[in-house]
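J.: Just so you know, the sequences run in chain order A and B.
Under UniProt numbering, think of the first position of the first sequence as 1, with each following residue one higher.
Under UniProt numbering, think of the first position of the second sequence as 1, with each following residue one higher.
Quick caveat, the hints were computed from the structure, so don't treat them as lab data.
Incorrect hints may appear among the rest.
[Claimed, not checked] Here are the simulated BS3-like pairs of lysine-lysine, each with C-alpha atoms no more than 30 angstroms apart in a straight line: (1) Lys-124(A) to Lys-150(B); (2) Lys-59(B) to Lys-267(A); (3) Lys-157(B) to Lys-124(A); (4) Lys-251(A) to Lys-157(B); (5) Lys-316(B) to Lys-267(A); (6) Lys-160(A) to Lys-297(A); (7) Lys-297(A) to Lys-157(B); (8) Lys-150(B) to Lys-115(A); (9) Lys-251(A) to Lys-115(A); (10) Lys-160(A) to Lys-102(A); (11) Lys-87(A) to Lys-115(A); (12) Lys-297(A) to Lys-150(B); (13) Lys-251(A) to Lys-87(A); (14) Lys-267(A) to Lys-124(A); (15) Lys-297(A) to Lys-124(A); (16) Lys-87(A) to Lys-279(B); (17) Lys-87(A) to Lys-157(B); (18) Lys-150(B) to Lys-102(A); (19) Lys-59(B) to Lys-115(A); (20) Lys-102(A) to Lys-297(A); (21) Lys-297(A) to Lys-267(A); (22) Lys-297(A) to Lys-115(A); (23) Lys-157(B) to Lys-102(A); (24) Lys-160(A) to Lys-124(A); (25) Lys-150(B) to Lys-160(A); (26) Lys-87(A) to Lys-127(B); (27) Lys-160(A) to Lys-316(B); (28) Lys-267(A) to Lys-127(B); (29) Lys-150(B) to Lys-316(B); (30) Lys-102(A) to Lys-87(A); (31) Lys-251(A) to Lys-267(A); (32) Lys-102(A) to Lys-115(A); (33) Lys-316(B) to Lys-59(B).
[Unchecked claim] DEER-style ranges, computed between Cβ atoms: (34) Ala-134(A) to Lys-157(B): 39 to 47 angstroms; (35) Thr-294(A) to Ile-164(B): 26 to 34 angstroms; (36) Ser-290(A) to Arg-126(B): 21 to 29 angstroms; (37) Arg-320(A) to Leu-90(B): 17 to 25 angstroms.
Here a beta-carbon is modelled for each residue, glycine too, at the ideal position from N, C-alpha and C.
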Amino acid sequence: MTNTDTTTNTSGTPNMAQVPDPGRRGAPPSRPPARRRRATPEPDDRSAISTADWRRHGVRRTWRTMHVVMLIILVVWCLGPLLLLAKFAITPTQDILRTPLKIFPNGIAWDNLDKAWNDVHISKYFLNTVYVAAGSWFMQILVATTGGYVLSVLRPRWAKYINGAVLATLFVPAVVLLVPLYLIVLNPPVVGHSMLNTFWAVWLPAGASAFNVVLVSRFFDNLPREVFEAARVDGAGPFRLFRYIVLPMSKPILGVVSVFAVIASWKDFLWPLLVLQNPDLQPLSVRLPSLENTTDKGVLMAALAISTVLPIVLFLVFQRVFLRGAGLGGAVKG
Amino acid sequence: MSKDVVVPVSPPPRGGKVRERARPRNPLTWVRGGGLSSLLFALPLLVIFGVFSWLPIVKALIMSFQETTFVGAATWVGWDNFQNVLNDPLLPIAIRNTAWFALLALIFGYPIPLLAAVLMSEVRKRKGLFSALAYLPVVVPPVVAVMLWKFFYNPTKFGVFNTILGWVGIDPVPWLQDPHLVMPSLVLQATWAAAGGTVIIYLAALTGVPPELYDAAEVDGATVWTKIWHVTLPHLRGVLFITFILQIIGTAQVFLEPYLFTGGGPNNATVTILLLVYKYAFGNSLGAQYGEATALSLLLAIFLAVMSIVYFRMTKRWSS
Numbered sequence: 001m002t003n004t005d006t007t008t009n010t011s012g013t014p015n016m017a018q019v020p021d022p023g024r025r026g027a028p029p030s031r032p033p034a035r036r037r038r039a040t041p042e043p044d045d046r047s048a049i050s051t052a053d054w055r056r057h058g059v060r061r062t063w064r065t066m067h068v069v070m071l072i073i074l075v076v077w078c079l080g081p082l083l084l085l086a087k088f089a090i091t092p093t094q095d096i097l098r099t100p101l102k103i104f105p106n107g108i109a110w111d112n113l114d115k116a117w118n119d120v121h122i123s124k125y126f127l128n129t130v131y132v133a134a135g136s137w138f139m140q141i142l143v144a145t146t147g148g149y150v151l152s153v154l155r156p157r158w159a160k161y162i163n164g165a166v167l168a169t170l171f172v173p174a175v176v177l178l179v180p181l182y183l184i185v186l187n188p189p190v191v192g193h194s195m196l197n198t199f200w201a202v203w204l205p206a207g208a209s210a211f212n213v214v215l216v217s218r219f220f221d222n223l224p225r226e227v228f229e230a231a232r233v234d235g236a237g238p239f240r241l242f243r244y245i246v247l248p249m250s251k252p253i254l255g256v257v258s259v260f261a262v263i264a265s266w267k268d269f270l271w272p273l274l275v276l277q278n279p280d281l282q283p284l285s286v287r288l289p290s291l292e293n294t295t296d297k298g299v300l301m302a303a304l305a306i307s308t309v310l311p312i313v314l315f316l317v318f319q320r321v322f323l324r325g326a327g328l329g330g331a332v333k334g
Numbered sequence: 001m002s003k004d005v006v007v008p009v010s011p012p013p014r015g016g017k018v019r020e021r022a023r024p025r026n027p028l029t030w031v032r033g034g035g036l037s038s039l040l041f042a043l044p045l046l047v048i049f050g051v052f053s054w055l056p057i058v059k060a061l062i063m064s065f066q067e068t069t070f071v072g073a074a075t076w077v078g079w080d081n082f083q084n085v086l087n088d089p090l091l092p093i094a095i096r097n098t099a100w101f102a103l104l105a106l107i108f109g110y111p112i113p114l115l116a117a118v119l120m121s122e123v124r125k126r127k128g129l130f131s132a133l134a135y136l137p138v139v140v141p142p143v144v145a146v147m148l149w150k151f152f153y154n155p156t157k158f159g160v161f162n163t164i165l166g167w168v169g170i171d172p173v174p175w176l177q178d179p180h181l182v183m184p185s186l187v188l189q190a191t192w193a194a195a196g197g198t199v200i201i202y203l204a205a206l207t208g209v210p211p212e213l214y215d216a217a218e219v220d221g222a223t224v225w226t227k228i229w230h231v232t233l234p235h236l237r238g239v240l241f242i243t244f245i246l247q248i249i250g251t252a253q254v255f256l257e258p259y260l261f262t263g264g265g266p267n268n269a270t271v272t273i274l275l276l277v278y279k280y281a282f283g284n285s286l287g288a289q290y291g292e293a294t295a296l297s298l299l300l301a302i303f304l305a306v307m308s309i310v311y312f313r314m315t316k317r318w319s320s
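If we strip away everything but chain B, and leave its shape as in the complex, we get (with noise of 0.2 angstroms):
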């Protein structure tokens, strides 16, 4: 005991770390340099993350070559739930209606935040109002906005939409029901839902744009399109880059809107990628294909990471 008290004299009194390195280790000069409460500190983050995110990732890696069943132990089956996946007849038509939603939602949800977010970074009295409202939706819970749509989408002339379409002498839509306006339909609600966390996005990035820029312009005689387009435009381009990145990789799971709005349905028209992984799992009556589940998100995920990467490598030149 007494020859720990004296080790700390030796070296110099200075920062912590050099002194930790002088010191020999061992259990005791461990729990008294402050080893054991930093691990006591750390033991939430390393039971939690270790338990519902470490392992189920192992746990994903290892399942996907095997077939998981409730009772007794799991089989390995190599390439096979890979096989199963990819030869599924659902499989094409689920990417393809991804794609085509992750499409639909760039079209309607990425010009309109960044137009409306650069209008509102001019707006001189009452801006938190503006943040407010467009923010507003972001906070509804998704399941009641899908149930709230879901109603204004209603097929006959009593429908919310159609009852507008009507002031116009429009007949009704059948919004839900037919299989080529069924996408758009999902995409506006999800928009309507989203869009607005974007435009707070944008919103903070454009409050970094250095004054002096904006100065500098004025002396050049800018005007006011020529300031927005030459100064605030080009400041965005990092977080633009960002957030197409962003969109993709949450479009592509996209789960909540096809699965209440309409299941899939009508004629497959809105089965996701993420709705398939569901059905195999856990929408399956006749036993859950966990292997294919996995497999099949494993492949989502792969691709999406290796869309990631080609796409930085490829915006990093214009992004400065």
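Next up, chain A with everything else stripped away, as it sits in the complex (with noise of 0.2 angstroms):
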């Protein structure tokens, strides 16, 4: 390959690279011919192809076609259903009905949205589901920032017991939860009443993920403990110290539970089908498979459509988040 390919191959690398070394990339121009061969060193992060590999034809052939073959697959087979469904949101419900695959419908009906939104009252059930997941969310970030901070920072004796028995119900599989659950919540300890067809019902015990104390927990459990002891010296209490030095220093990690949490909740539909049965009180997850009989197939369409949009938004605006997050729940479990 010419020279030049090779240079803007290398430049790219940096950029693509999550932490480039600038040690290494500012190595100066004056170098023995023995090192010629490392004159453009591989970044810290490098995969099995090295950069030397890429300059050789025939690697970088094979590779750049698989990589646009799998760019191909991942547009077809991820995008692809989400595309058709932004296309059906606003296509006419005979076109749908009978050439679902036609890239330009018979007109556009925008109308499918605002049917949606209106008359099925799609609005209703979006404002059910930003509820439901606002009060998820605040619970999970409660418990688990406050729990975390006792396991991990104020460490009293009995903490390893409480850790022992948070640990303990990650083996134990959601479906032992179900039913027993549904009977606290029928009949809840203390309270009294039913909490049946209330959103507490769904808030609170959403609270109770031991994979978001773990995470949190490991997260304050590598925060540094001498700016602990140095807010105690200068006279902080537990709830100073917790609220203007551990949740400030802990934002990336609230940013992953948080995302989780909105999302996770958003996704959510046996639970919420078995305590929210007042329609008025359901989320989108769980109204829209009641509306698919009743509802034509543009309007429905449209339904779903909106339903996806704020996760994806979610996702698109924090990506970065998310994929990160994404691969410390496998760290995690691992």
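Join the two chains, each given in its own frame, into one complex according to the hints.
T.: Structure follows, in structure tokens:
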């Protein structure tokens, strides 16, 4: 390959690399000839193909081809169904039913969206979903941060027992909890009256996420102890330490927990189906299936599309948080 | 009061732990040592986990030996619930269907994310675009995804998939109506929805391969493929073992796809264990069988636990 090709390629590498190494990149140009092969150093997060490999014609052609093929598959397989959904949302019903794959349908039915939002009351269910998600988010953050603070920073003598009891719940499959949890919501201790058909029935159990507590307390474990000691010496009590030192330092992990809390509650189906039987309180996930047979296809597709917009926008905006968090999930499970 | 002030002076002022142990234990020193504030901070966790996690677990154990009704106290029935569950003619069908779902999900969804992640880790430009595309289906609400795919699976020649088949001259396929085809159709959608998460886990694990290993392999003259085979894949072994068992635990509890796609049909071809649990507890017009439902979910949980333990014993030798 020509020299110009190589230079554009290597200059692209540090852009892609998450942690470019300034020390290696800034190597002086006058190097002994023996180091010529290392003129374009490997990034620290290098993968199996080295820059030298990549410069070889055969390797580059093979992998470029595979990457292009893969990109096409990803677009068709992952994005395709969603693009179709977006198209269906503004396609006249007859066209959806007769020619679903025609790129240009007979006219654009913008009123699908309008009908779904107003006539089918998707607006109401959308708002319900927002309420459910907001409350679940708050409970998860509250329990995970205060719990993580006790388990990781305050560390009273009994913390290790709590920690064990929280970890143990990770090994209990969700199916075991389903029926007893339902009966507890029907007849909760102390409260005295059923929480069925109130948002509390979704909000409160959402807080009992051992996964969040583990994530947050592991993050707290890695915060520098010296800062806490310094704050204590300066007279900060446990509340100030929590509010002004620990919380501001843990924004990254709170971001991860937050986006996953919102998305998870947006996706949740079975639990809200059981405890929110009143249609006026139901979130989108629960309500959509019951609209399936009574609603015009075009309007239904518009409703499905509206339900998908917020999670996708959240994902696109907080992409980094998502992808890092999903990897983190694997690390904690591992 | 003044006595308490004196106490901390006597031991050498070092780490907090040592000082706490030296103190005499009474309520006042407990409060001063931060015991009360620790308890206050632990309160949300204790209450929420207590009522909505630990209590239901205990309750599940008790309920599986009881007959619970809305009116009146629960009565102890011994092993009756377990007997009823095990004698249910639907149980073998549900077990077979769930196992079939789990197996298909492994065939569809286990090797492909690995291949995708290894390929994606070699992308030089716009790597983020690849991983974002792969992860996109994961954020779509499963209900929306299932309803959309249900429409794709329309059995007439106007269905989306049948239209595509029509282009190459294949007759319409009854995706969800054929008892043999329905499970693969469900798994195809489930794989679409879940594969991206696995890809991201593998990608994260791939960034953890020590670069020195690749450097060393290059010194020994390894080609790209030998590097992938002898360095990359062995490094993923641990994560691969974990995702394998996690996927089985997840698919053993499959509910949403069969519930929304087919409701268990056609001809019970998609009745899964969780669908059976749901049927006992909530789908029974004659009255809820909470005892049977918890008994069955406990049996499933015990099976999964035993299987995981055996699995980890077996793979301990291979995963470093």
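J.: So which hints don't hold here, by number, going up?
T.: 3, 4, 5, 6, 9, 10, 13, 16, 19, 24, 25, 29, 33, 36 and 37
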